[in-house]
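Engineer: The residues making up each chain are set out below.
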Amino acid sequence: MEAGRSPNIEIIANAELQEVSGSAGDFRVKILRRPRYVDVTKCTGCGVCSQYCPVIIPDPHDQNLSGKKAIDILYTQAVPSAYFVDSDYCLFLNKQECKQCTRACQIGAVNFDQKPEVVDYQVGAIILTTGFKEFDPDRISAYHYNDSPNIVTGLEFERISSASGPYMGKIQRPSDLKKPERIAFILCAGSRSSVSGNSYCSSVCCKYAVKDAIVALEHEPDLDITIFFIDMRMHGKGLENFYERAKESGVKFIRSRVSDVKPDSHTEDITVKYIAEDSSLQEETFNLIILPMGLEASHGNFALARATGIDLNQYGFCRTGLFHPLSCTREGIYVAGGFRGPMALPDTVTQASGAAVCAAELLFPARRTLISEKQFPEERSVEEENLRIGVFVCNCGKNINGVVDVPEVKKYAARLTDVVMSADNLYSCSEDAQRLIKETIVREKLNRVVIAACTPRTHEPLFQETTREAGLNKCLVEMVNIRDQCSWVHAHEKAEATKKAKDLVRMAVAKARLIQALDEPVIDVVPKGLIIGGGLAGMTAALSLADQGFESFLIEKTGQLGGNLHNIHYTLEGEDPQDYLKQVVDLVREHKLIQVFTEAEIESVNGFVGNFQTAINTLQGSEKKIVELQHGIIIIATGAVSFRPDEYMYGKNDHVMLQHELEGQLASSRFVPGDKDSVVMIQCVGSRDDKHRYCSSICCSMAVKNALKIKEINPSTNVYILYRDMRTYGFHEDYYVQARKQGVVFIRYDRNYKPEVAEVDGRLQVTVRDLLINKDVVVDARLLALSTAIVPQKDDILERALPVPRSEDGFFLESHVQLKPVDSYLDGIYICGMAQFPKTIDEAIAQAKAAASKAGILLARGYVKAEPVISSCDPDICVGCGICEYFCPYNAIKMKKVGKRKKAEIITAACKGCGVCASYCPTRAISMGRFTDDQIVAQIEAFGETVMVKEQKAW
Amino acid sequence: MVNEPKILGFLCHWCCYAAADAAGVARFQYPPNIRVIRVMCAGRIDPLFILDGFLNGADGIFVGG
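Line by line, the protein sequences are chains A and B. The first sequence begins at 1042 in the numbering used here and counts up by one. The second sequence begins at 49 in the numbering used here and counts up by one.
FYI, nobody ran anything at the bench for these hints, they're computed from the structure. Positions of the beta carbon are idealized from the N, C-alpha and C atoms, including for glycine. Any given hint could be a false lead.
In silico BS3-like links for lysine-lysine, alpha-carbon gap of 25 Å or less [what the hints assert, rightly or not]:
| no. | chain 1 | residue 1 | chain 2 | residue 2 |
| --- | --- | --- | --- | --- |
| 1 | A | K1293 | A | K1314 |
| 2 | A | K1943 | B | K54 |
| 3 | B | K54 | A | K1083 |
| 4 | A | K1861 | A | K1693 |
| 5 | A | K1452 | B | K54 |
| 6 | A | K1220 | A | K1288 |
| 7 | A | K1535 | B | K54 |
| 8 | A | K1415 | A | K1835 |
| 9 | A | K1623 | A | K1633 |
| 10 | A | K1415 | A | K1515 |
| 11 | A | K1693 | A | K1665 |
| 12 | A | K1732 | A | K1835 |
Chain B is nowhere near these chain A residues, computed Cβ spacing over 10 Å in every case [claimed, not checked]:
| no. | residue |
| --- | --- |
| 13 | G1086 |
| 14 | I1148 |
| 15 | S1234 |
| 16 | W1529 |
| 17 | E1614 |
| 18 | V1637 |
| 19 | A1656 |
| 20 | H1696 |
| 21 | M1969 |
| 22 | V1978 |
Generate coordinates for the entire structure from the input sequences, incorporating the hints supplied.
Structural biologist: Here it is, written out as structure tokens:
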């Protein structure tokens, strides 16, 4: 929606990139625009064409579980929100007859004369986000996907359990629409298998299977759910907790290899044959089977690669480098999301921000040259006018109209005090309705507007824009929620829902009579950044800000830049991290826009988004000094460290070490693996247990990396990896397979039977219960490497100075896990790198870029606009008691001496408009924009007043 | 009318109001007795608003924040 509304984004739907010529900064691209046979500028999305269309086709959005018309919209939130003719099915396009839609469309938006056209564009940079494709279950015959409607893919099940899906959110099986009693998920369908051709791990299937299982249980608590898996890969923030929750809710997890899935043609049930962990052959019967399919490269990737001149990897995904994870092989072309490889939503969003900043860096010299900003007419002053309220009631197609009697509400609204007109719209948010509302405001000289429609949370900005376009201040519109909180939730009580809608409209009109035009305060931003932490993430963020033209201060606690990267000497991908580290440190040190402070500690942070003041204690010459810094944003990149355990003889025996210590010894040849030596690695030390409940994500890959290194140095050395689940997600799976092939022995242990380590005759002895044969295995180890949890840096001083919320594990919290993965809870403060969660080198770089991208938006804009919901204080009434300052949760009120008395002063940029101050103020000196005492009291009175109509006002 | 109480609700924009919207998106059904006033935070609610609500005929007040 936001992208659709931006004047700086042109959406070209139904198009294909055909050719890219030129070079970075000056590309020429040819784009084939296919006809949609509907004029996007005319279509209002009313849907009448679709009602008249006689052709019913499978609905791809519902995974073909339901039908739609040959002229339709993909889903209700689609942008552009215009209808679309499916040329494969349309009767007119195929048989030259019908054209019902053309006749049905009142405004002539349907246009069968549209032809494909090739359009040339000139662009500076290209970002490829073409996504992935779900693996086709037909390709594995053992799943019998086509033999039973009750074997569904993960995406099909998403639609089955969705409230807006084909079964309205009821868990039913497709064959007989009956509620299943027993359902099963079979994981690694089309992944981690040479049969499918996709040897990599799709990274997301375990997670979404667990999510779907939990959602299904929320719908139907008595469902019996089984998940068949090889390794449960619940790496990533918060996901291990989710896994534990699923187990507690009764989901059964069976570690197994499924060999056959057999549908019964009579009962329509399905029998699953599998090899259990103890190698026994078992079978169980279920009513519904879900195959959470793996993700693979789209068919179109090869054509795209040809057109753009970029390389793909061996699986058909975009080829990128470890240190340049968002750059394609051709300069000036960047990539994010599923086209790079399988990944979860937060990574996709992070990479999208990161790719955007890559383009911003490249195009920095041309910044602000081609943007267009929306122009609004001058605001009409309404202060002196008599109240003229207009009420617009939305039908929302059938969404409101199907339950609430809209004409009745419209008639009722017209009778309310100061209401001069009321009208109803089919879709108030459609372009034609917007035009109509604007014209009505001007024609009827309205000075307050009430929109009874959906929720202000999503649509208030749209209607505020409409009123601005009609010359009214954006605060002169008030929304009434008669869809999300009325028609949708009282679908079977039409009379009561209509009554409720009328009451809500009356209350809103009562409030609207008191609303006033308000200014949006604008606060300047200091165009500099502060980055806390000089590791890879911090340095990457600083360089990105610098390449966007912004100065930054980079604060490092220790004496040298580089952080954990100093401990990484080789990588699975074969690239040299120390060489890269040196390059980055040199770039940072030499960049004139980056000021580095080492041995620096934060003393205090004051201020708010756009205007921070930070005092640091740092080494200047030979002595420590306090330095004051002014900056507009903060990026937190404080990193994480390996947990040091007190078990497995760590610290007691020199041959027991952490995984990165082993890496250091292998790199420096301090440890040279001998022919008959055995090296044992234990995974999940202090991880996924009571100490640290989360999975640290990267330790499995690290162990495989070190195991492969040992085998490379001496193939005769025995390597044992004792693990709980191997979580070598994504393309790292290939290295796990390679390690197995090279003879690395993987032994699974259970959390309740942890390996035991003893010193026998001066040698290390490791004993582990092998669950495959149910016997103890004893290994004499020359060296024991522990893969311990990655824990966040602890820094009490920083925590006091900068109280940014963290998770219970101590990692910084993002303000929205999926959609705002680098924004902290506080405005103007961003997080990246291992301070957010343990991650690989490429993930850390992508996230640092994303944080610099978000920060760059604010710094480039140069100002912060505060929403006019914020608090204001009347100094004539304020008695200076200071209770507001005490209670303000955002430190947005400071008591300031004015003459002889103290008065409350609101810091505009820090105020969130919560109104705690106003509710405590004993003299009512504080007033909240758009939520004043008077307005709320008027709503309360209108709630009680069942008749607030004009006739009564005369009494 | 004994069984049809009039309930006045004050919902925080960021949490409970959003949750009430989500209930709508999921098409959860609940009795139509509540009339909602949106506020930017439950902390905005002056105790007098509650008394005012009762004075204006509310049988119950729902504060969601």
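Engineer: So, for every hint listed, does it hold in this structure?
Structural biologist: Do the hints match the structure? See the list:
| no. | hint | result |
| --- | --- | --- |
| 1 | A/K1293 <-> A/K1314 | 16 Å, holds |
| 2 | A/K1943 <-> B/K54 | 44 Å, violated |
| 3 | B/K54 <-> A/K1083 | 45 Å, violated |
| 4 | A/K1861 <-> A/K1693 | 44 Å, violated |
| 5 | A/K1452 <-> B/K54 | 24 Å, holds |
| 6 | A/K1220 <-> A/K1288 | 22 Å, holds |
| 7 | A/K1535 <-> B/K54 | 17 Å, holds |
| 8 | A/K1415 <-> A/K1835 | 46 Å, violated |
| 9 | A/K1623 <-> A/K1633 | 18 Å, holds |
| 10 | A/K1415 <-> A/K1515 | 14 Å, holds |
| 11 | A/K1693 <-> A/K1665 | 37 Å, violated |
| 12 | A/K1732 <-> A/K1835 | 16 Å, holds |
| 13 | G1086 | 19 Å, holds |
| 14 | I1148 | 30 Å, holds |
| 15 | S1234 | 36 Å, holds |
| 16 | W1529 | 4 Å, violated |
| 17 | E1614 | 42 Å, holds |
| 18 | V1637 | 39 Å, holds |
| 19 | A1656 | 31 Å, holds |
| 20 | H1696 | 53 Å, holds |
| 21 | M1969 | 7 Å, violated |
| 22 | V1978 | 6 Å, violated |
In summary, the numbered hints that this structure violates are 2, 3, 4, 8, 11, 16, 21, 22.
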